[in-house]
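Q: Take a look at the letters that make up each chain.
Number of protein chains: 2
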Amino acid sequence: MTKRLSPSDAMFLYGESKEMMFHVAGLLLFTRPPRTHPDHLRHLMDDLRSDPPPVHSPWNLRLRTPDLLRNPLQSWVEADSVDLEYHVRRTALPSPGDERELGIVVSRLHGHHIDFHRPPWELHLIEGLDRERFAIYVKVHHALVDGFTAMRLLVNALSTDPEDRERPLFFSVPQPERVRAPREPREAPPEPGGLHFPELLATVRAQYGATKTVIRALRKVITGEDDLVTPRQAPRCIINARISRSRRFATQSLEIDRLKAIARAAGGTLNDAILAISSASLRRYLLERDALPAEPLIAMVPVAVRAKDDAGGGNAVGAILASLATHQSDPVKRIAEIVASTRHAKQQLQGMSKAAILSYSALLLAPSMLQTVPGIAGRIKPTYNVVISNVPGPDHSLYFRGAKLEASYPMSIPIHGQALNITCNSYAGRMCFGFTGCRDTLPHLQRLAVFAGEALVELERAVL
Amino acid sequence: MTKRLSPSDAMFLYGESKEMMFHVAGLLLFTRPPRTHPDHLRHLMDDLRSDPPPVHSPWNLRLRTPDLLRNPLQSWVEADSVDLEYHVRRTALPSPGDERELGIVVSRLHGHHIDFHRPPWELHLIEGLDRERFAIYVKVHHALVDGFTAMRLLVNALSTDPEDRERPLFFSVPQPERVRAPREPREAPPEPGGLHFPELLATVRAQYGATKTVIRALRKVITGEDDLVTPRQAPRCIINARISRSRRFATQSLEIDRLKAIARAAGGTLNDAILAISSASLRRYLLERDALPAEPLIAMVPVAVRAKDDAGGGNAVGAILASLATHQSDPVKRIAEIVASTRHAKQQLQGMSKAAILSYSALLLAPSMLQTVPGIAGRIKPTYNVVISNVPGPDHSLYFRGAKLEASYPMSIPIHGQALNITCNSYAGRMCFGFTGCRDTLPHLQRLAVFAGEALVELERAVL
Chain A
5 MTKRLSPSDA MFLYGESKEM MFHVAGLLLF TRPPRTHPDH LRHLMDDLRS DPPPVHSPWN
65 LRLRTPDLLR NPLQSWVEAD SVDLEYHVRR TALPSPGDER ELGIVVSRLH GHHIDFHRPP
125 WELHLIEGLD RERFAIYVKV HHALVDGFTA MRLLVNALST DPEDRERPLF FSVPQPERVR
185 APREPREAPP EPGGLHFPEL LATVRAQYGA TKTVIRALRK VITGEDDLVT PRQAPRCIIN
245 ARISRSRRFA TQSLEIDRLK AIARAAGGTL NDAILAISSA SLRRYLLERD ALPAEPLIAM
305 VPVAVRAKDD AGGGNAVGAI LASLATHQSD PVKRIAEIVA STRHAKQQLQ GMSKAAILSY
365 SALLLAPSML QTVPGIAGRI KPTYNVVISN VPGPDHSLYF RGAKLEASYP MSIPIHGQAL
425 NITCNSYAGR MCFGFTGCRD TLPHLQRLAV FAGEALVELE RAVL
Chain B
5 MTKRLSPSDA MFLYGESKEM MFHVAGLLLF TRPPRTHPDH LRHLMDDLRS DPPPVHSPWN
65 LRLRTPDLLR NPLQSWVEAD SVDLEYHVRR TALPSPGDER ELGIVVSRLH GHHIDFHRPP
125 WELHLIEGLD RERFAIYVKV HHALVDGFTA MRLLVNALST DPEDRERPLF FSVPQPERVR
185 APREPREAPP EPGGLHFPEL LATVRAQYGA TKTVIRALRK VITGEDDLVT PRQAPRCIIN
245 ARISRSRRFA TQSLEIDRLK AIARAAGGTL NDAILAISSA SLRRYLLERD ALPAEPLIAM
305 VPVAVRAKDD AGGGNAVGAI LASLATHQSD PVKRIAEIVA STRHAKQQLQ GMSKAAILSY
365 SALLLAPSML QTVPGIAGRI KPTYNVVISN VPGPDHSLYF RGAKLEASYP MSIPIHGQAL
425 NITCNSYAGR MCFGFTGCRD TLPHLQRLAV FAGEALVELE RAVL
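Taken in sequence, the protein lines are chains A and B. Taken in order, the first sequence gives residues 5 to 468; the numbers are from the numbering used here. Taken in order, the second sequence gives residues 5 to 468; the numbers are from the numbering used here.
Here are the computed lysine to aspartate or glutamate pairs in the EDC-like style, where the Cα-Cα straight-line distance is at most 16 Å:
#	chain 1	residue 1	chain 2	residue 2
1	A	K22	B	D71
2	A	K408	A	D134
3	B	K22	A	D71
4	A	K408	A	E136
5	B	K22	A	E20
6	B	K337	B	E462
7	B	K22	B	D71
8	B	K408	B	D165
9	A	K264	A	E462
10	B	K337	B	E464
11	B	K22	A	E23
12	B	K7	B	E82
13	A	K264	A	E464
14	A	K337	A	E464
15	A	K22	B	E20
Covered by chain A, according to a simulated footprint, are these stretches of chain B (three or more residues, beta-carbon under 8 Å):
#	segment
16	40-47
17	247-254
Just a sample of chain A residues kept apart from chain B, beta carbon distances all over 12 Å, derived:
#	residue
18	S10
19	S61
20	E103
21	L258
22	I260
23	E292
24	K337
25	G355
26	V467
Calculated from the structure, these hints are not laboratory results. Where a beta carbon is used, it is the ideal one built from N, C-alpha and C, also for glycine.
So that you can see chain A by itself, here it is in the shape it has in the complex:
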């Protein structure tokens, strides 16, 4: 099988550099099955070595010309063999094996480039986590599978039955034809509801076709030749600087019912509550660094909306800009401004045709897309300060060979000019926040996660 890359997938290879790495990842936390030994992951690895399971598409695909990533004829070919000892790895946490050590280890793993001479994915079995837990970190390059689909494939390989001990690993699960081969350029994401920032970028780019066309179109937008709505100008902020090679990842998980109660009290949505939590956290972090802009930070939020002209009832991919009201010290006023801002932005989008939604989204995303153009990266004034996405997941508990999945955190892609990404996955009643950032541009990024936890309590006190 040989399959050309779609222009939107190829884009993630174009951008790849020493500092920008277009892989996404999932960090899954499990509780060990009852009556198992702390090193039970070792047996899993021994089994893989002695009796290698099959590796199904797309996990057996590699690039045809890995030494020439920008080859316009780049395509996916089946690898002659997949060396599972390379792709599946054991890692251990230094003592005391707490969340902090886990954060350090996965931050390092996320800062290593994918080897394009092999199928571009890695699975890390992480032992030594406290409270009888272990973790799985799965990394996949966005040119092979988008983060949304990857998360779905991962989740599909888990079981709802705690007694099911035979479940194959995700790469050994045959996929239905539609996800088997890397996707075609498409206009809408696979499912409505939520999508990652990179998908939005790719979808919008696909609309514009190949790279040169995009850049031409975007130049027009930026120079004002295009007469679309001008987006709000975001304030300058330390988040919007060039990035280094190093990553920092931090997590927080909050009860969805508590977030919903806040949303209800503020007359907003669950997403508004997520934005309010993120806002409070960012405000404290920036204040601590004496770097809070006087103007409110602007978040870019990917949404799926029903377009005015879509008779079929399908969803269009859109992006809205929301004020995070970070200039407001009062949490009540802050969430009220956020709710008003997202409502207004969504109304604006709903009045548009499908084509207009895409053009408008392209306008918002233009600066990020230009970050992949050499010489421009990290030197454009941002139209937004941070991307905050929310990807819905399963609402019931899942198991991997008897081990209960406790949380599922998404890790995304910082780029020049966007040193922080906040993505959330919902899982079994909890909202799992993943803060992925550049370790050097945003020192002590893990405080964002701590502050997010404290923001929930603060918001409850203020609005309930």
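Chain B: place on chain A using the hints.
A: Here is chain B on its own, set in the frame of chain A:
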């Protein structure tokens, strides 16, 4: 301070690519001090965080233009600050924490690129090693400090006194002026006796000046325009292929007295015994893969010899080619051929002037030097199959804050066309072999280490 790189140091930046990484490393194994807790390394890290010690030259130097490695005006500048939490890291071994898991972890660490935006070194404190041990892995880019000097600086930071618990880490030890700044081009290595392959490469290259001159000179040599002694042609072998990004490292430590007894019985030197061990191991490894050439493998062995015309009694850097007699199944005949071969090669070198020794060495090294030239890499017939070096170390026990150093293994640089490097360090009565190779070109490389241990017993039975 700003300091231009010497041409020989700059060479290691020229060659840096996705697959070729010009960093060297040391893997030091320690026994935990008595009455200490398994996680005592954690306190060391906590101390570094709460009260960062000074970082002395050269460990505080970074490249002036890290984004343009090949800048002809490249130089070292003092970093504004050195982020010790980046450079000093904790790592843990998965269960059961044996030599195999240690080998896997350090192989991965050795396969990651150095970040040139910072001083190009890393120190990893490795816990979870069995038998109350821990390990330290120190990586440094060869453009900053050569492997020989790095090993000396590391060893200097250790103590001969087991009660000395205050010893600073190597980067906090002020260095005498001569090693403070990265070295000037020089004609001889810092000390006679042993030197790493990269030093020899650098020294020979320094003699020829800048890169273009070297390439011109080497082309003459290769095309036969230069009338120097033609080296023996090495047979084609799987060792001499292109490499990937992944590394595999394996170790073996053998008693020096046993090696010396074999050398005496065979009428050779300690170095001959090292070659005989390496030969037996390579022979078995290649036989197992059905890839043993009919002709004997040729080793390149860096040596320091007294030149005919050097009145000052100084040493010249030289390279000899030795037959490893891998075609011989009889270990007695094999070591006899090795002894005869090295004796002949050294005699040849000793009859030369200093200039001739350098020219001859350049001839031998030409193929390796050309590996850094794009388009040529990995496509030249080798004049030798493998580099085997021996670097003498201290003969007495050393301690790090009460922890006894048990072994000190050197990790070197595989390049295209030379997928394996064997380097030995002597320490406290033992010869520590480090086998550094490309994981993909030489699968199951760790068997070389196992076979080396068995070769010692076989040789003893045969010659004693």
